[in-house]
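Model the placement of chain B on the given structure of chain A, informed by the hints.
Number of protein chains: 2
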Amino acid sequence: MSDNTAKLNERLAEWLPREETQAERLREAMNYSFTAGGKRLRPLLMAMTYEAFGGEGPEIEPFMAAIEMIHTYSLVHDDLPCMDNDTLRRGKPTTWNVYGEDFGVLAGDGLLTYAFETAAKAFEVTGDPARTGRAMSILARKAGLYGMCGGQALDVLLTGSAPSADQLDFIYRNKTGALLEASMMIGAVLAGADGEALENVEKAAAAIGYAFQIEDDILDITADEAELGKNVGSDEKNAKTTFVTLYGMEAAQKEVRRLTEEALARIDAFPMPAPSLKELVAGLCSRRK
Amino acid sequence: MSDNTAKLNERLAEWLPREETQAERLREAMNYSFTAGGKRLRPLLMAMTYEAFGGEGPEIEPFMAAIEMIHTYSLVHDDLPCMDNDTLRRGKPTTWNVYGEDFGVLAGDGLLTYAFETAAKAFEVTGDPARTGRAMSILARKAGLYGMCGGQALDVLLTGSAPSADQLDFIYRNKTGALLEASMMIGAVLAGADGEALENVEKAAAAIGYAFQIEDDILDITADEAELGKNVGSDEKNAKTTFVTLYGMEAAQKEVRRLTEEALARIDAFPMPAPSLKELVAGLCSRRK
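Protein chains in written order, with this note's numbering: chain A, 1 to 289; chain B, 1 to 289.
Isolated chain A, as found in the complex:
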């Protein structure tokens, strides 16, 4: 883990529920899920976009924590026995595997709700509550039926069968893409962006999300378990259709490069230079050894 990730982890962890409760096991399961590692990609993208649009207020941080909580809840529920039935995630036992299936459901519910509770703390520090309201709206929209949750639903529905190219496209844009779009859009909106500038941010994030998902498919085939910290070959095991199985490895790698270039060009159109953001994006999309 880099120093920067460690520092970011500390900042994010400060937003976790700290007050003890008689439902202590739930608090524990939520915090376990959240602190089990991860690249913190979404908060990073959010913070860097915020900066690239000149943002410098305190209202960004609760949203950074919130988006990571939503990402975490989605993993916790995806891992459930009735979903992907995964026992290992980021090199650690999955939440349901430690706390039981019922608390796997509850920890996800708790994190999702706490994400909105945390984001709502931005109202206590913002100078522009209408703008904070717009960010809240984006957060919920992109996480829900017309975003991540919808993508996950179609993915679950088609597991074991062969999705069409169009369906796979929908899954990638929503299951992975939507939350990355939310991350960068919230950063931009909280810094005052709207209109075409905001659309450009959304498209940059969509390209990053798509490239990231294809890269994941590539890694599922080429990486080994220790490197990746999760079960690999699971797509093959589940006879899952991915961008790689649909278009082949070469086309997949080419598409990752194309999308990365698109994203970098769009980031160049942000109001301020964003070398760290560009470096992050370039790194994300070439994770193979």
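Since the hints were derived computationally from the structure, they do not count as laboratory data.
Cβ atoms here follow ideal geometry from the backbone N, Cα and C, with glycine treated the same way.
Some hints could be false.
Claimed, not checked - Here are the in silico distance ranges between beta carbons for each label pair:
{"no.": "1", "chain 1": "A", "residue 1": "Ala-265", "chain 2": "B", "residue 2": "Glu-199", "range": "52 to 58 Å"}
{"no.": "2", "chain 1": "A", "residue 1": "Gly-283", "chain 2": "B", "residue 2": "Ser-164", "range": "50 to 56 Å"}
{"no.": "3", "chain 1": "A", "residue 1": "Ile-221", "chain 2": "B", "residue 2": "Glu-199", "range": "27 to 33 Å"}
{"no.": "4", "chain 1": "A", "residue 1": "Pro-271", "chain 2": "B", "residue 2": "Ala-13", "range": "40 to 46 Å"}
{"no.": "5", "chain 1": "B", "residue 1": "Glu-255", "chain 2": "A", "residue 2": "Ala-6", "range": "27 to 33 Å"}
{"no.": "6", "chain 1": "A", "residue 1": "Arg-11", "chain 2": "B", "residue 2": "Gly-57", "range": "33 to 39 Å"}
{"no.": "7", "chain 1": "A", "residue 1": "Glu-261", "chain 2": "B", "residue 2": "Glu-28", "range": "47 to 53 Å"}
Only chain B this time, still in chain A's reference frame:
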């Protein structure tokens, strides 16, 4: 169903997700859960409290729909095989029973997220976004770890064992009470209440929630399945500790009366007379034949 409930149902249903999506089965499962009936108690309490505090703007309605979505999601997840494993709810097959266990999880997630998306629509019509932000904050807090979800967690944890009086109290105050508190507090806050007046609202709702939960325990013993529209005797089946098993039927009935009187007295302290609200509360707490 009364004419008023039918009218309210129509108004609430307008807030459901109407836009078609490739994840159509998820939208269907969400809408199925939401429209499977119910007394719409929480939106009613919210609207009546809003009126009793002089509120008359459009920002209340998205919150009314949102609180009912959160209530619905909690039922959908409670019914899951890994939780209460219920097959029947409000006289209809439970969501997981119709759509499968995976879509039971997803429909709950979708509804919870859509609740916040819906509530956030209040920002588009409010004249006071800071106030709307406070309502959002209450919604999330009372639904989460330090509210409903926490109560549910302790309830799940103690199923099959004997909770102490203190633990039962925590479960009742949170699993049932917290969302009723949110309903009435949001109504009051959106109409401009704060400070002691808001505390009085919270305590009125807490009394109603507690009485309502004890009444449910009583009905689980005295009602039959057709009347209640759900499995009865389930507490006994699960050897569950309730207020009735802990303190006896007579004490339970007495406590319901005491709490109802407290709630009615607190409602008398609202700025405007609220005869419909008082009638609703009195009716809620004497549902046995």
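Cβ distance range 52 to 58 Å for Ala-265 of chain A and Glu-199 of chain B, holds or violated
holds, 55 Å
27 to 33 Å was suggested as the range; check whether the CB atoms of Ile-221 of chain A and Glu-199 of chain B agree with it.
59 Å Cβ-Cβ, so the 27 to 33 Å window is violated.
Range agreement (Cβ of Ala-6 of chain A with Cβ of Glu-255 of chain B, hint 27 to 33 Å)
violated, 52 Å
Lying within 33 to 39 Å: is that true of the beta-carbon distance Arg-11 of chain A to Gly-57 of chain B?
Taking Cβ atoms as reference, Arg-11 of chain A and Gly-57 of chain B lie about 38 Å apart, which means the hint holds.
Check the following: the C-beta atoms of Pro-271 of chain A and Ala-13 of chain B are separated by a distance inside 40 to 46 Å.
Given about 43 Å between the Cβ atoms, the range holds.
For the pair Gly-283 of chain A and Ser-164 of chain B, does the Cβ-Cβ distance stay inside 50 to 56 Å?
Holds: the Cβ-Cβ distance is about 53 Å, inside 50 to 56 Å.
Glu-261 of chain A versus Glu-28 of chain B beta-carbon gap, inside 47 to 53 Å or not
At roughly 39 Å between Cβ atoms, Glu-28 of chain B and Glu-261 of chain A fall outside 47 to 53 Å, so the hint is violated.
When the structure is compared with the earlier hints, violations turn up for hints 3, 5 and 7 and for no others.
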